[in-house]
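Kindly produce the complete structure, drawing on both the sequences and the hints.
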Amino acid sequence: MNPKSFEKRELQNVLQILAENYDIVGPVKEGNVLKYKKLDKFEDIYLDFVGPSAIPPKSILFPQREVLFTYELENKDVKLHDLSQQKPAKIQVIFGIRPCDAKSFALLKLFFEWGKYKDAYYLEKFNNSIFVSLACNNTKSTCFCTSVGGDPFGKENSDLQLVDLGKKYVLRSFTQKGEAVLSTLKKYADAPKEDLQKIEQINNDARKSIKTHLELGKIHEQLANMWDDKIWAKFSAACLGCGSCSFLCPTCHCFDVIDDRTDERHGARIRVWDTCQFPIFTKQGSGFNPRDAKLARARQRIFHKFNYYPTNYGVLGCVGCGRCICLCPMNSDIRDELAKVKEVKTATT
Amino acid sequence: MAVLENVYFPKLMKIEEITTENPVNDLKTFKLVFKNQEDSKNFIYIPGQFAELSQIGMGEFPIGIASSPTEKGYLLFTIKKVGSVTGSVHYSTLGDVIGVRGPFGNGWPLEKMKGKNIVIVGGGFAFTTLRSMIYYMLAPENRANFKKITVLYGARSAGELLYKKDLENWEKRNDINLILTIDKAEPGWTKKVGYIPAVLKEISPNSDNAVAIVCGPPVMIKFSMPVLTECKFPDDAIFLSLENRMKCGIGKCGHCSVGRMYVCLDGPVFSQAELKKLPKEY
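As you go down the protein sequences, you meet chains Y and A in turn. The first sequence begins at 1 in the numbering used here and counts up by one. The second sequence begins at 1001 in the numbering used here and counts up by one.
For the record, the hints were derived by calculation from the structure and aren't laboratory data. These numbers were taken from a predicted model, which means no experiment stands behind them. Yeah, the Cβ is synthetic: ideal placement off N, Cα and C, and Gly gets one too. Do not rely on the hints blindly, as some may be mistaken.
[To be verified] For each label pair, taking beta carbons as the anchor points, the in silico distance ranges come out as:
| hint | chain 1 | residue 1 | chain 2 | residue 2 | range |
| --- | --- | --- | --- | --- | --- |
| 1 | Y | Leu196 | A | Asn1036 | 57 to 65 Å |
| 2 | A | Pro1023 | Y | Lys342 | 29 to 37 Å |
| 3 | A | Glu1005 | Y | Lys283 | 27 to 35 Å |
| 4 | A | Ser1157 | Y | Ala293 | 31 to 39 Å |
Encoded structure:
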């Protein structure tokens, strides 16, 4: 189907039409913070932001606190209620995420379904979602998606994409799921050729606006020879271990599992976000901790995203959203770290 | 789309028997039986694998399976009281319900062990999955698959040795050579006295057509490995079981990662050759 274009003031009506068949999750402003929420009133939607939101939309499919099952204890017996198969009444349209965030959902899916065991909680939600990205006309100084295989108008894991042409929006589809959605918007005209040409032009300008150009090349091979390098002590020196970089990273997915009691007889087993940047992440029951040293944790972050991901799954584990750069209270910059890694002379360079 | 199996959801078992293994009462063996026959049939495991046991309302912990798949109708777990969840399990009584997920992990390398002489080195309460391996090998239907079986098992004191009845029975058999040792001499103990690496050196097991399986505290492993190397065991014929912090048991939560591997998924059994390729994060 051809892309549709409509006047900007029509957006609420478009969402209203979609709401007949889908739940809509989109960005709203709460005070100064941009959050992704289920929308009931479409006039609340806020699309005038630059770059990715501070809080990534990953919690839509991978909540910070998620109930795995609930339980009741009765005398000597136990009853458990599995919550993984809960099917929502409607499929949800996740609207207005940046292309880097759309790609991150695909990276999470890759991980959660990799190998022998599948994560039913994430996959059920993913399979019941349609992704509509908001193309980046402008970028932040911390954006570096193009250095890790992305693009301001990237299509990866976008079923549809909304492009801002100033006075109009163009909505274009890339998948069958996207086509099905577009087909409900028949009342809107096909986007004229000038609109499509304008998209190309804005895309090129957006790409040029990205000032970071990292030549990562075969960084995973480079890293393979740098396990004992002095560089990790240098990178970790300023680190506070606050965990912001991983909690707010759209591709980070580690979690802890605990039993949360409501009262003596009722409760739930929940999972909560966890981070390899906390010292006790790897602490064993014996008391021994293989990553006791801060440099080991700093190394783990880079290795996981730029060595283990390529080695295990053939892709980089970073989408270049730049949140870790914006949010680090000590101004650590992953781009500097990657550039310094590339500079080190090893057996392969 | 087909319903996805939920690997985080425990099956329920009942405690049928509790055996105290040591005088200080912090090691107990629990005999668990599935509430549901169907679950029992579906729990197919090999020695060396582990399960995630739940005290519903308190939490979950990973534990090696001490029983062998040749023992039908129940599972055995030897649990040490170390914290709130294992402590809570220790206060459980017969008939109480325990959750189980599994079996997880790769288990001992049965294919590589077929037709070989087997040397087992075990220390302390890490002996649990070794009990599973020994029972499995000694089962009449399996014994012919393995050649000479030598087991060196040591503990700090006689009271800390697990499975005392099993040890008695194995000592009487002539198809397994069991050598027991304790760290310091004590009244009533007439067998060997000495740390495991020293006794291992004394025994000097023959590495011809042999596989070594080592399971014990880090210090025991650290000093036993050179002895095995001296006895000319190649790195790909020595197997260890790692015990990193595990949570989900299925390679998703991230806690047990060692380099690019997950101990719960790619292990917990690794050959010494494989371990040498991994960073020392265990």
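Worksheet entry | Contradicted hints - numbers only | 2
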